[in-house]
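Colleague: Protein sequence lines, in the order shown, are assigned to chains A and B.
Following our numbering, the numbering of the first sequence begins with 1 at its first residue and continues without gaps.
Following our numbering, the numbering of the second sequence begins with 236 at its first residue and continues without gaps.
Honestly, the hints are just simulated from the structure, not real lab data.
Don't be surprised by glycine CBs; every beta carbon is placed ideally from N, CA and C.
Some clues are possibly wrong.
Here are the computed lysine-lysine pairs in the DSS-like style, where the Cα-Cα straight-line distance is at most 30 Å [what the hints assert, rightly or not]: (1) A:K62 / B:K241; (2) B:K1020 / B:K241; (3) A:K214 / A:K128; (4) A:K137 / B:K1019.
Here are a few chain A residues that face chain B, going by a calculated C-beta distance under 7 Å [as the list claims (entries may be wrong)]: (5) S74; (6) A77; (7) E78; (8) R80; (9) T83; (10) I86; (11) L105; (12) P106; (13) V110; (14) E190; (15) M192; (16) E202; (17) V212; (18) M219.
Reference excerpt, derived from the structure (chain A facing chain B, CB under 10 Å, subset only) [stated by the list, open to error]: (19) E3; (20) L64; (21) G65; (22) I94; (23) A157; (24) N159; (25) Q220; (26) D221.
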Amino acid sequence: MIELKEVMKRYGSGKKSFTALSVDTEIRAGEFAVITGRSGSGKSTLLNILTGIDRPTSGEVKVLGHTITGYSESEMAEWRGKTIGIVFQFFQLIPNLTVLENILLPMDLVQKKRKAGSKDTALSLLDKVGMSGHANKMPSELSGGEQQRAAIARSLANNVPILVADEPTGNLDSENTAAVLGLFSDLAREGMTIIMVTHEQESIKGATRQIVLKDGVIMQDSAIMRGGHEFGAIR
Amino acid sequence: MGLLGKKARRDLLGNRRRIMTALFAMVLGTVVWGAFMFVREMINREIDAEYAAIVPASATIVVDRADENLLALLDRFEDISGYEVGAAHELAMYRTDGKLKKVWLFSSPNYAQRKINIVTSLEGSFAPASGEVLLDSDALGVAGAKMGDCITIRRSDGTTRPYKITGLVNDLSQHPPSIHDNVYVYVSPETLDEMNLSMNRVDYIVTGDMYDRTRIWEVSQALIQTLDDSGYPVSAIQVSNTPGISMHAEEYKGLLFIVQVFSVAAFLFGCIIMSSLFSTILAGQSKQIGILKSIGAKTQNITRAYLGAAMLLIACNLAVSFPLSCLAARGLSIFFMSIGNMKIHNFSIPIGLYILFCAAGIVIPFLLASMPIRRGLKVTVKEAVNGLGTGARLVKKNAIASLLKNKISRPVLLSLRGAMENRRRFSMNVAMLTLGGLMFVGVMGTVISINMAVLKSVGARHFDYQVMTGLYAQEETIARAIDGHENIADYEIWGAASGQIVYDNGNIGGTFGFSAVPADTALYKPDVIAGRWLEPGDTNAVVVSFEFFEDEPDFALGDHLSFRVGGAAHEFKIVGILKEIGDSSVYVNKDGFEQLVPEQARRSSINISTHYTGGRRTAMYNSIMESISDSGIPILHAVTRSDNQKIVSSHFSTTLQSFLVVAILSVIVAGIGLATTMSVQVNERACEIGILKAIGANSKQVFSIITAESNFTCLFSFGICLALGIPFTLLATQVIGVSILQIPLAFSPFVIVAALGIWLVVTFIVGRLASGKAAKRAAGMTVKKALAVEP
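Excised from the complex, chain A in its bound form (with noise of 0.2 Å):
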């Protein structure tokens, strides 16, 4: 599904320069990959590649079957709406738009007309979250755990296969942690290929693989049974 082909991101130029990951990995189907690693190991320069927000200096990416790496700032933007929901740390829900809006807001972004059906999904999507009540709350009127589950409302808004999570507990507290995970578990369950970013090793729980990166290097790279245990190394 996600073949990261011999990429390379380098900053910098000259004797100055220095490499800030170099992997080459694939990540199938329905996985629930987990990326760990210490701060500054490459994390979120590989979630940046894999989301098209940043490009490799070279190797290259490939989604769906599509190589993304030759795409134009339009194109990835369109890409990414139809393809990736993302989850940010800071949830980073539009401040001046409703729960409900901002769930609808990636609908009208990536389609040309609305369609009939679009506040039901997106309805559904926040009762999935458990935010049904909430839809015409303004993000400044929640709690940062609902936000955050606003937010993957938002992220699922276009029903799109894969779902990126950059560090989405880091500002939670214990009991918004565990519902958050519990609906990336869920929704792995249901096929979706999750790729999370995260330091803090109870978060691992529910995933499928485990990635770490160490100075912009996989480390390990194994399986992981359900319930946080390693299944198996897969290189």
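With the hints as your guide, set chain B onto chain A.
Modeller: Only chain B this time, still in chain A's reference frame:
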């Protein structure tokens, strides 16, 4: 305090582009305001001084011949303290392009020695020799000539002769020749003799209060009586409505006052943009302010630091605006004075005005800047350090957005809410655009109203050329001259004469041109605003323009009045009032006119309508003039339809253009304000733009969202303009049109719709231009870069 000041200055200089934009807006607003304040002072003073310097006559009389006996009579007349004898004759000249222009030929025994209605030499000779002329410098364009050229003057006997322009003069006692499309020519008495013309005019000053209109009339009546009794009948008398004061003074004063009121708005806009800049800076520094407070900085100290930074900007503005205002004032005053054919010699400005400029230039922006500074510094340590993530922005629901949320797409909804999120900023932009818009709509409405009135007035004349002849020509002769031409649609021969009002007490009043028109004329369909038009059988009925009552305010519709035409006084009744602009003709029935006025006092005007337009019409004009001349009919002057429209429009164009310029400048400053806001919005919402892109918005969509935000602000202000436009336009047309330009303007829904329509187009252009750069920047942001910006 030193380090705090340094920080504040660095915060201010942190975004050079924004600072430069705000400074530009401030400088523009301040210069517009300052320059017009200085111009008003200079012109109000200089127009009076310039005019006083020519020692304007109390009155001027026209006689057949001012000979030595008449001078002796004047010398003996005790109520006159001084006089100048001269000549003023209406002739014509041919331009090199064949066009015939009206010439006023003046003569004076010695131009350099004149003590009344002094003519100033500007260039070249001041004592024209035989075959030479001096020209009013303002008439060069009308004559289509330059210094040293020869102009061909058509003399009263119909012959033509070239005369070399050897000098340029300035004659403030006359209306500006360029506005009236006339050529003022000054010749020596010898040349006047050669032309078989006589000295026929006396400019004089009365004893006592030389510019007291009542006194002038009293003395003038006695003088006219004396001259009449002595065999020197006075054929015309000119007494200004405001003796001793320039004919332009009132118009200039009204114009400059309103322009200055408008310019104050431009100045305030500039200051508001600066205030908005500080609001933005403080919003961006709230976290640091919290930290400063947490380490012991007092609000008072930080306030002083930022006010110091504001003073730095204010000082920069003054340093640039002051010399620019003085320079602009110099240029503008030269321009404004030149319109009235005047020169400005003294550019000094009272020190008090400089002090006012500096004081207002400091105090007003300082007060406006201090408001956001004080507000921004109210942030507590807790509030400051808690501001993380866009979700932390406390956004309230918006009534308009809620109302429209099911009718518009989410990106548009986002634009709408984005535009209104910061209510204060939104209100400020809307207020500036609305004020600028109202000024624009008001001025544009007046411009359209006046142009419509002018077009209607000119359009009432259904002829392409009006040829004024030197005598009352035989209709058969005229017909022979004209009938040979093909493509003449129609023509009519009217009568013309000049007549003076004779008041009930026997006193002689102002002189008016009579147009004797067939009552059933097909070539003139005037707009009768009161009473009726002429009817067949009318003998003593006159129809006058509304402008007649500006000169003779004591008369009204239905009144009887006497005119002395052709040496005898006849009683007439005012039966109708016309909305005829740029003319105060008196219209009478041609049949009645021929019965009343002796033939020697009559002239003819030939009014010709053709099937042609454009260049072919011009070619035909030359051909017709030639035919009329060849038939022996002396042509006094001729006016084409376009000339007539130009002459009428030129009376108002400068005033209207001045208002338009200031209104446009105010709109530009308001546009800069909006551009600044849009730039700030994009900066503040970089993170949000990143999210939009991350969830699928492409560059075009982001561009549209930002542009729509700006357009929404403009559209909102347009909505207010729409509501206030009607009363404001009515007010503007009354103040500018009726009070300053003295044109009765009727309310027309078309004017309002047209003015608002133009403003709608302008408002979208402003919205697009104001947001273009910011929207392009937002569209070009990468997700990574946008998300890296701390909100």
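Colleague: All the hints need checking, so say for each whether the structure fits it.
Modeller: Going down the list of hints, with the structure as the test:
Between K62 (chain A) and K241 (chain B), the direct Cα distance comes to roughly 51 Å. Violation of the 30 Å bound is thereby established for this hinted pair. The straight-line distance between the Cα atoms of K1020 (chain B) and K241 (chain B) is roughly 29 Å, inside the 30 Å bound, and the hint therefore holds. About 36 Å separates the Cα atoms of K214 (chain A) and K128 (chain A), which puts this hinted pair outside 30 Å; it is violated. Taking the CA atoms of K137 (chain A) and K1019 (chain B), the gap is near 28 Å; set against the 30 Å cutoff, the hint holds.
Hint on S74 (chain A) holds. Least Cβ distance to chain B is approximately 4 Å, under the 7 Å limit. Interface hint status for A77 (chain A): upheld, as the beta-carbon distance to the closest one in chain B is roughly 4 Å, under 7 Å. Evaluation of the E78 (chain A) hint against chain B yields a held restraint, the C-beta minimum of about 5 Å falling below 7 Å. Using the Cβ-Cβ criterion of 7 Å, the hint placing R80 (chain A) at the interface with chain B is satisfied: the shortest such distance is roughly 6 Å.
Checking T83 (chain A) against chain B: minimum C-beta separation of about 9 Å lies over 7 Å; hint violated. For I86 (chain A), the suggested interface contact is upheld, since its CB lies about 5 Å from the closest CB of chain B, less than 7 Å. Checking L105 (chain A) against chain B by beta carbon gives a least distance of about 4 Å; that is within 7 Å, so the hint holds. Using the Cβ-Cβ criterion of 7 Å, the hint placing P106 (chain A) at the interface with chain B is satisfied: the shortest such distance is roughly 4 Å.
Against a cut-off of 7 Å between C-beta atoms, the interface hint on V110 (chain A) holds, since the closest Cβ of chain B lies about 5 Å away. A least Cβ separation of about 21 Å between E190 (chain A) and chain B goes past the 7 Å threshold, and the interface hint is therefore violated. A least Cβ separation of about 16 Å between M192 (chain A) and chain B goes past the 7 Å threshold, and the interface hint is therefore violated. Nearest Cβ of chain B to the Cβ of E202 (chain A): about 22 Å, over the 7 Å cut. The hint is violated.
At its closest, the beta carbon of V212 (chain A) sits 24 Å from a beta carbon of chain B; the interface hint therefore is violated under the 7 Å criterion. Given the 7 Å rule on beta carbons, the hint for M219 (chain A) is violated: about 25 Å separates it from the nearest Cβ of chain B. Among the interface hints, the one on E3 (chain A) is violated; its C-beta lies about 22 Å from the nearest C-beta in chain B, farther than the 10 Å criterion. Evaluation of the L64 (chain A) hint against chain B yields a violated restraint, the C-beta minimum of about 16 Å exceeding 10 Å.
With a cut of 10 Å, the hint placing G65 (chain A) at the interface with chain B is violated, because the nearest CB-to-CB distance is about 20 Å. Proximity of I94 (chain A) to chain B holds as hinted, the smallest CB-CB distance being about 6 Å (cut-off 10 Å). Using the Cβ-Cβ criterion of 10 Å, the hint placing A157 (chain A) at the interface with chain B is satisfied: the shortest such distance is roughly 8 Å. A distance limit of 10 Å between C-beta atoms decides the matter here; for N159 (chain A) the minimum to chain B is near 12 Å, and the interface restraint is violated.
Against a cut-off of 10 Å between C-beta atoms, the interface hint on Q220 (chain A) is violated, since the closest Cβ of chain B lies about 27 Å away. Because the beta carbon of D221 (chain A) sits about 25 Å from the nearest beta carbon in chain B, more than 10 Å, this interface hint is broken.
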